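Asker: With the sequences and hints as input, model every part of the structure.
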Amino acid sequence: MSVVLKVENICKSFGEKKVHQGITFNLHEGEILSLFGGSGSGKSLLLRSIIGLEKPDSGHIYFEDKDIPTLSEEALLDIRKKIGFVFQNGALFDSLTVAGNLAYPLKEHTKDSPQHIQEKINIMLDLVDMRNAADLLPNELSGGMQKRAGLARALMLEPKIILFDEPTAGLDPTNTRRLLDNILRLKETRHITGIFVTHDIPSALAIADSIAILYEGKIAIRDTVANIQASTDPLVGAFLNPEKTK
Amino acid sequence: MNKKSPLQIVGGMGILVAQVFREARKPPYYFGLICEQIWSIGVGSLPLVLITALATGSVMALQFGYGVAKFGGKLYVPKVVALTILREMGPVFTSLLVAGRIGSGITSEVASMKISQQLDAMRALGTSPTRRIVTTRIIAALISVPLLTLFSDYVGLLGAMLVCKNELGIHTSFFIAKCIETIRISDFLAGMAKTVVFAFFIALTACWRGLETAGGTEGVGRSTTWTVVTTSIFIMISDFFLTKFLIMTGFQV
Chain A
383 MSVVLKVENI CKSFGEKKVH QGITFNLHEG EILSLFGGSG SGKSLLLRSI IGLEKPDSGH
443 IYFEDKDIPT LSEEALLDIR KKIGFVFQNG ALFDSLTVAG NLAYPLKEHT KDSPQHIQEK
503 INIMLDLVDM RNAADLLPNE LSGGMQKRAG LARALMLEPK IILFDEPTAG LDPTNTRRLL
563 DNILRLKETR HITGIFVTHD IPSALAIADS IAILYEGKIA IRDTVANIQA STDPLVGAFL
623 NPEKTK
Chain B
58 MNKKSPLQIV GGMGILVAQV FREARKPPYY FGLICEQIWS IGVGSLPLVL ITALATGSVM
118 ALQFGYGVAK FGGKLYVPKV VALTILREMG PVFTSLLVAG RIGSGITSEV ASMKISQQLD
178 AMRALGTSPT RRIVTTRIIA ALISVPLLTL FSDYVGLLGA MLVCKNELGI HTSFFIAKCI
238 ETIRISDFLA GMAKTVVFAF FIALTACWRG LETAGGTEGV GRSTTWTVVT TSIFIMISDF
298 FLTKFLIMTG FQV
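These protein sequences, in sequence, are chains A and B.
For what it's worth, the working numbering labels the leading residue of the first sequence as 383, then goes sequentially.
For what it's worth, the working numbering labels the leading residue of the second sequence as 58, then goes sequentially.
Because the hints were derived from the structure by calculation, they are not lab data.
Please read these numbers as outputs of a predicted model, since none were measured by experiment.
The reader is advised that the hints may include incorrect statements.
Result set (EDC-like, lysine to aspartate or glutamate): computed pairs, CA atoms no more than 20 Å apart in a straight line [what the hints assert, rightly or not]:
| # | chain 1 | residue 1 | chain 2 | residue 2 |
| --- | --- | --- | --- | --- |
| 1 | A | Lys464 | B | Asp177 |
| 2 | B | Lys83 | A | Asp591 |
| 3 | A | Lys437 | B | Asp177 |
| 4 | B | Lys61 | B | Glu275 |
| 5 | A | Lys489 | B | Glu275 |
Answerer: Next up, the structure:
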């Protein structure tokens, strides 16, 4: 499998606080990487750096032979069409309906006819089980529906990589299962590549191919799900079985 | 928003202006959004602007008429009122109203988008908020505010004319003749030039402050108030310097 994203020695500080202290990893085509880490460890910051919403102090993030931190905002706009971002709260445009939100990226970046856009919206809404919610505004949706609509919107341009920023946070078990089913379906049908930032261990284990643990500003451990589950490393234990390691 | 020094504010707004000029030249141009904003700023503000203009023109004529009547200067009312409305009251009052109504609206809208991560989502979807939000609003303000001022000038003069006729006994034809005799195209253009400066500043400040907002809903409220206060003060102060500049350059006598 070819490498689609290469992160090299990323460092980022806010004043005295060093959040990233040399993060390095590769993401392969078709792989879903789950990223664990404590609160404030810089998981979301890493995703924001990958898509160019934050600039690291040093280091490189290579995507399609381009070093993202060195790109201008103008050049980043093109890169962002190829990297989808699923925000923690969905971040839907509140003045647009669900269908309007899904149509947004297509209207911005393609010359598709309204009919073609509608067809794509319908396909995507079916994929996230939200066909009946097309005409609803974001404030009329439940938290789970907002996240699923955010996922659908991120997929509209068929990005090469999808970055999930704690998509299951704050969801009840039913909605969590539903969202994971949607992602698993995407994994099976579209072979998506992505990074899944979460505190939700069962969800991460359910959908990931590999797991990385962000600790003290670095990727402390990176391995397959099976190896991580079998690991006796106390750091892995602290995340996977916090009760046993107390 | 963290408390910023005046230098940081000027610097931040300067960078935004540079971005606007750089990005405004490239597609997409968002003509539809510009029209929406013109409707919102222009047509939406029209009733407020017209009522204010009518009241201001009427009161000015009334106050001035009775004030100078003691000295036998009642017949000068049309001249003085026309010049005051076209040069000062029309542009300044209209801009102040727009600053209050639209400046606050733009800031609260952009700030709400910022704190709910909608601006991040916009960027993540490959759209520039500067091009889609800031540039469209600045262009719409540059078109709408001078047009609003034009309507405001006419309605202000209409109010003054009605008061002159009904309260001061100045005939309508005399009022119109004196206005035509007094007003020069430069008076009208001077007022319009001021509104262009005011409109640019109102839209720019409102957008910049919205983009810089932090601190949740409380931050949105603070930003909105800051925009109205800052743009109002700017309009008052810059009006003096713009007038001085126009007089010095011989554009306005």
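Asker: Is Lys464(A) close enough to Asp177(B), meaning Cα to Cα at most 20 Å?
Answerer: holds, 16 Å
Asker: Does Lys61(B) pair with Glu275(B) here, judged by a C-alpha cut-off of 20 Å?
Answerer: holds, 17 Å
Asker: Holds or violated: are the alpha carbons of Lys83(B) and Asp591(A) at most 20 Å from each other?
Answerer: violated, 42 Å
Asker: Under the criterion that the straight-line Cα-Cα distance not exceed 20 Å, is the pair Lys489(A), Glu275(B) satisfied?
Answerer: With a Cα-Cα distance of about 34 Å, the restraint between Lys489(A) and Glu275(B) is violated, given a limit of 20 Å.
Asker: Regarding the pair Lys437(A) and Asp177(B), is the alpha-carbon distance no greater than 20 Å?
Answerer: Roughly 14 Å separates the two Cα atoms, so the pair holds.
In this structure, the hints that do not hold are numbers 2 and 5, in rising order.
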